[in-house]
Amino acid sequence: MNFYAVRAIYLFEMARFRRTWMQSLASPVLSTSLYFIVFGAAIGSRIGSIGDISYGAFIIPGLVMLSLLSESISNASFGIYMPKFTGTIYELLSAPVSFAEAVLGYVGAAATKSMILGLLILVTARLFVPYHIEHPVWMIGFLMLTAVTFSLFGFLIGIWADGFEKLQIVPLMVVTPLTFLGGSFYSISMLPPLWQKIALFNPVVYLISGLRWAFYGQADVRISISLGMTVTFLIVCLLLIRWVFKTGYRLKA
Amino acid sequence: MPSIISIRGLNKTYASGFEALKHIDLEIERGELFALLGPNGAGKTTLIGAICGLVTPTRGSIVADGHDIIRDFRPARTKIGLVPQELATDAFETVWATVSFSRGLFGKPADPAYVEKLLRTLSLWDKKDAKVMTLSGGMKRRVMIAKALSHEPSILFLDEPTAGVDVELRRDMWEMVRGLRESGVTIILTTHYIEEAEEMADRIGVIRRGEILLVEDKATLMAKLGKKQLVLHLQSPLEQLPGALSGEPLELSADGQTLTYTFDAQSEQTGIGALLRRLNEHGIDFKSLQSSESSLEDIFVGLVREPA
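Keeping their order, the protein sequence lines are chains A and B.
For the first sequence, position 150 matches number 150 in UniProt numbering, and the numbering has no gaps at all.
For the second sequence, position 251 matches number 251 in UniProt numbering, and the numbering has no gaps at all.
A few of these clues could be false.
[To be verified] With a cut-off of at most 25 Å between alpha-carbon atoms, the simulated BS3-like pairs for lysine-lysine come out as follows:
#	chain 1	residue 1	chain 2	residue 2
1	B	Lys108	A	Lys84
2	A	Lys252	B	Lys127
3	A	Lys252	B	Lys140
4	A	Lys84	A	Lys197
5	B	Lys140	B	Lys228
6	B	Lys117	B	Lys131
7	A	Lys252	A	Lys166
8	B	Lys140	B	Lys117
9	A	Lys84	A	Lys246
10	B	Lys117	B	Lys127
11	A	Lys166	A	Lys84
12	B	Lys140	B	Lys128
13	B	Lys127	B	Lys140
14	A	Lys246	B	Lys22
15	A	Lys84	B	Lys228
16	B	Lys140	B	Lys108
17	B	Lys140	A	Lys84
18	B	Lys117	B	Lys128
No lab work stands behind these hints, which were simulated from the structure alone.
Can you build the whole structure from these sequences, using the hints too?
Below is the structure:
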């Protein structure tokens, strides 16, 4: 195990995070806060409660998930895409670093950043919307699992992308719509029966439902199914990354 | 002594079907400075890439310091440092941070004293806190060398280290490379500057179209393939060579002012004495004479010239 390499990559990525905190921390916190102000503090009182949860509190898990997903993906994809773009990837490829170590460094840093962001959003939300957390340990665990899984997914996107456009496409055109349609602002049970079935094909439904269960003990799907789906996606990402490093796909000639 | 790098039957065929390397066999000896010469697109960078892990070989094996570079990549790569041809550096990190990062990446614990020594040797010490993007091209090149040496490798690859570098830095670089070689580091460099190879290398390999044409001791190569010429500046111009001298390897310049005699540098019998006597017999007098030896450049151009 090349511990020094994992540490070097991790610290390098965290240093990048410190340099770009306005973009990677302040701006998502601000934009998420806007939702809390509008839907929580301002018009939230005009919208009926869902179950016994006020609307402002109901949307918190979904909005945390939205930030967590898009930041995990963009942090991790940027982290591996930039060395490819500038050419400094040669160093990683020629170093005595295994696939597991590179992933641990890059994905570990990206997941750490999104966790910091997720927790900061939760703290900020508290300023506008009162909420409680029923299963705090599960909540942290579920956030971590999601941060790691989607950082892995972002890492894959960074390897796959051969231009800045592709880097942006997945977070903006896939993740954001899936999150909005995945029950951030409503419960799946509010949909017509057919759409309830279709929604189950949206992986983000399981994430939001799982997190909402950790907050309020209510969920659209059973927590075990949420966990199972997330872990499955995690394993799929790991297998894909393993394949990438084995074949050198988009990394090596 | 076993060679430090041993390449057997190495082939690289790209997905497009282009065969960049065709069955390369090459041994690099421990502690030597090996210069790989070849025209653009000959496969120099692909060969280095294959040894360093940037290019996946199609066939063949590479052993570096006793370790197969694929099966045993960890110890093999720890021994190797690479300075690629393209300037590729981080932009926002400081010199100190980027060099320390490289050391960690190659599995070595932090050693500020060593990094300081390295930066001082490369005249980078006063830039240690500068962001890499604020440095000049030559300085960035030094940073890349510092990164490649950060983990104290015993094999160093320099891919066109002095391309686009000013004369002063080039001299500095040669100085540094010599110092490294003296400290026991094996160095493999590719270069376009033949004088560089001529000045520095112990052995020279010539590659063309993915094939190693020859590998030879520099001195042997120059003696074997070098030609010597004797140039005679004539007292009075000649219309044409006297018929009796037409069998000799003599060439008359267009203006009839100089005669050039080519001879084999290695042979005991150069035939110069006899030639001069015969010129005398024919009444050809000369003002001055000079002899010259072909440079490595001439040899190289002769070798890689594409068959028409």
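Keeping to a limit of 25 Å between CA atoms, is the pair of Lys117 (chain B) and Lys127 (chain B) held or broken? Holds, because 13 Å separates the two Cα atoms, which is no more than 25 Å.
Given the hinted pair Lys84 (chain A) and Lys228 (chain B), is their Cα-Cα distance within 25 Å? violated (50 Å)
Hey, Lys140 (chain B) versus Lys108 (chain B), does the alpha-carbon distance stay inside 25 Å? Holds, at roughly 23 Å.
Proposed proximity, Lys140 (chain B) with Lys127 (chain B) (alpha carbon, max 25 Å): holds (11 Å)
Quick one, are Lys108 (chain B) and Lys84 (chain A) close enough, alpha carbons at most 25 Å? holds (24 Å)
With the threshold set at 25 Å, check whether the alpha-carbon distance from Lys84 (chain A) to Lys246 (chain A) stays at or below it. holds (17 Å)
For the pair supplied as a hint, Lys117 (chain B) and Lys131 (chain B), confirm whether the alpha-carbon distance does not exceed 25 Å. Within the cut-off at roughly 19 Å; holds.
Starting from Lys140 (chain B), check that the Cα of Lys84 (chain A) is at most 25 Å away, please. Holds - the C-alpha atoms of Lys84 (chain A) and Lys140 (chain B) are around 18 Å apart, at most 25 Å.
Are Lys246 (chain A) and Lys22 (chain B) close enough, with their CA atoms no more than 25 Å apart? Judged against 25 Å, a Cα distance of about 24 Å means the pair holds.
For a C-alpha distance cap of 25 Å, please report whether Lys117 (chain B) and Lys128 (chain B) respect it. The given pair, whose Cα atoms are some 12 Å apart, holds under the 25 Å limit.
Take the C-alpha atoms of Lys140 (chain B) and Lys117 (chain B), compute the straight-line distance between them, and say whether it is at most 25 Å. holds (18 Å)
Does Lys228 (chain B) lie within 25 Å of Lys140 (chain B) when you go C-alpha to C-alpha? Distance ~42 Å between Lys140 (chain B) and Lys228 (chain B) Cα, so the pair is violated.
The structure does not agree with the numbered hints 2, 4, 5 and 15 stated previously, though it agrees with the rest.
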